[in-house]
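A.B. asks: Heads up: the sequence shown begins at 2 in the numbering used here, then just goes up one per residue.
Because the hints were derived from the structure by calculation, they are not lab data. Because the structure is a prediction, the values reported are computed rather than measured. Virtual Cβ for every residue (Gly too), placed ideally from N, Cα, C. Errors might be hidden in some of the hints.
Said to hold, decoys possible - Pair ranges (Cβ atoms, derived):
1. 430 - 25: 17 to 25 angstroms
2. 165 - 50: 15 to 23 angstroms
3. 193 - 451: 39 to 47 angstroms
4. 311 - 395: 26 to 34 angstroms
5. 393 - 310: 47 to 55 angstroms
6. 260 - 136: 15 to 23 angstroms
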Amino acid sequence: MAKELTSRETDYAKWYNDLVLKADLAENSGVRGCMVIKPYGYSIWEKIQSELDRKFKETGHVNAYFPLFIPKSYLSKEAAHVEGFAKECAVVTHYRLKNSPDNKGVIVDEDARLEEELIVRPTSETIIWDTYRNWIQSYRDLPLLINQWANVVRWEMRTRLFLRTAEFLWQEGHTAHASRAEAISEAELMLDIYTDFVENFMAIPVIRGVKSANERFAGAEETYCIEAMMQDGKALQAGTSHFLGQNFAKAFDVKFANKEGREEYVWATSWGVSTRLIGALIMTHSDDNGLVLPPKLAPIQVVIVPIYRSSDEFDQVNAVARGIQENLRKAGVTVKYDNRDTHKPGWKFNEYELKGVPIRIAIGPKDLENNQVEISRRDTLQKFTRSQIGLTDHILDLLDDIQKNIFQKAKSFRDSMISSVDTWEDFTQTLDSKGGFVYAHWDGTPETEEKIKELTKATIRCIPLGNKPEDGKCILTGKPSKRRVLFARAY
């Protein structure tokens, strides 16, 4: 199966698409721009959900659910917000169908037009803040820390499985606070949570920063982000957290009585990650043999494949393999024992390599004689034998080592793809010959930012947090600059 994959060097985009399809992660659906997430792909999303949900709840957040449909008038209340999403909105105009005159199908009933059109949510700020107006009256109601697991629709013209689809799954947090400082602290906390999750759970190194004014979320005063580097030298935004100021509170008249009894507008944040993270996972770690999954995220951490020629051999191998499976499960390892007799061991080896299972254990009659098993690591493709004595502890240590190794490999690559340039010639040459992240001076104007994007297709991914001020000259205009920002071509 892996031999059917296009190599990354031949055609990176086709390699990615081949891998998503052949590893049974997702497929295109009968609805233009929408995907079917298959069980193996959805199990990865469930792992993402489970870990993030745990982190959110540990920090005092609770889950709720808000309507899929948003009245058009709601979007009109926050000018920057509607401008940011207007071109991506799917609109519901009618509420009924009827049989066509020729009785060959159905048509929209022209008499069933909605009094006010409904927008299929591209994001939920407006419907949520309309709701919060009824939930918040006093400082005692704050902070309000709500998260929603949901789907959203953004009418993309060019789609790609997981990376950009008309409908996708995500979580969106929406919080309300009594002070500016508290809201900023919340936005920064969520950036910390996303960073910890993506680096320590997904094994993807990221650069933390804030977006330029041009790249901020529509309606935000500040957008914090984490940026990851893919193997083809393009960046991918892996998560965002927004400080919304009082913009939505003012638009929806959400006020609270402070401790002195005075009315104030509340302060807001929103933050989210989506199924796009699965695309980031694939493009950061995988190779020409298939998926490479970090153990903490793998739906199957260990697979056991028995090797036998006769029913007697199977009985002997099966008893030992079942014992290994049970011991690993008791230790908290997600393990699959594949004793199907419809496929040969070699076929199974290829299947689990393609699907990125971190550890494969093979056991046959000769292994029984020597009280050992054969172990294969997906990250390095190394094979070795190991005694069955102390096997569970060894597998636990090996899973931990694989997790660390996958992260370190991705980090070494990411670091090798960071450049610093001072001239326009070096900037364009680096983007064309190497790609990756490019630190360069920018004069701070949106006009220059747009011109650079127009000329190179590179955008300011972020203004990195913690970067020290550094006097220089803008690579395009030569005007003074106080610090470097991070450019890249991106997904």
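A.B. asks: With reference to the structure, classify each hint as holding or not holding.
C.D. replies: Hints, verified against the model:
no. : hint                          : verdict
1   : 430 - 25: 17 to 25 angstroms  : violated, 41 angstroms
2   : 165 - 50: 15 to 23 angstroms  : holds, 20 angstroms
3   : 193 - 451: 39 to 47 angstroms : violated, 31 angstroms
4   : 311 - 395: 26 to 34 angstroms : holds, 29 angstroms
5   : 393 - 310: 47 to 55 angstroms : violated, 28 angstroms
6   : 260 - 136: 15 to 23 angstroms : holds, 19 angstroms
When the structure is compared with the earlier hints, violations turn up for hints 1, 3, 5 and for no others.
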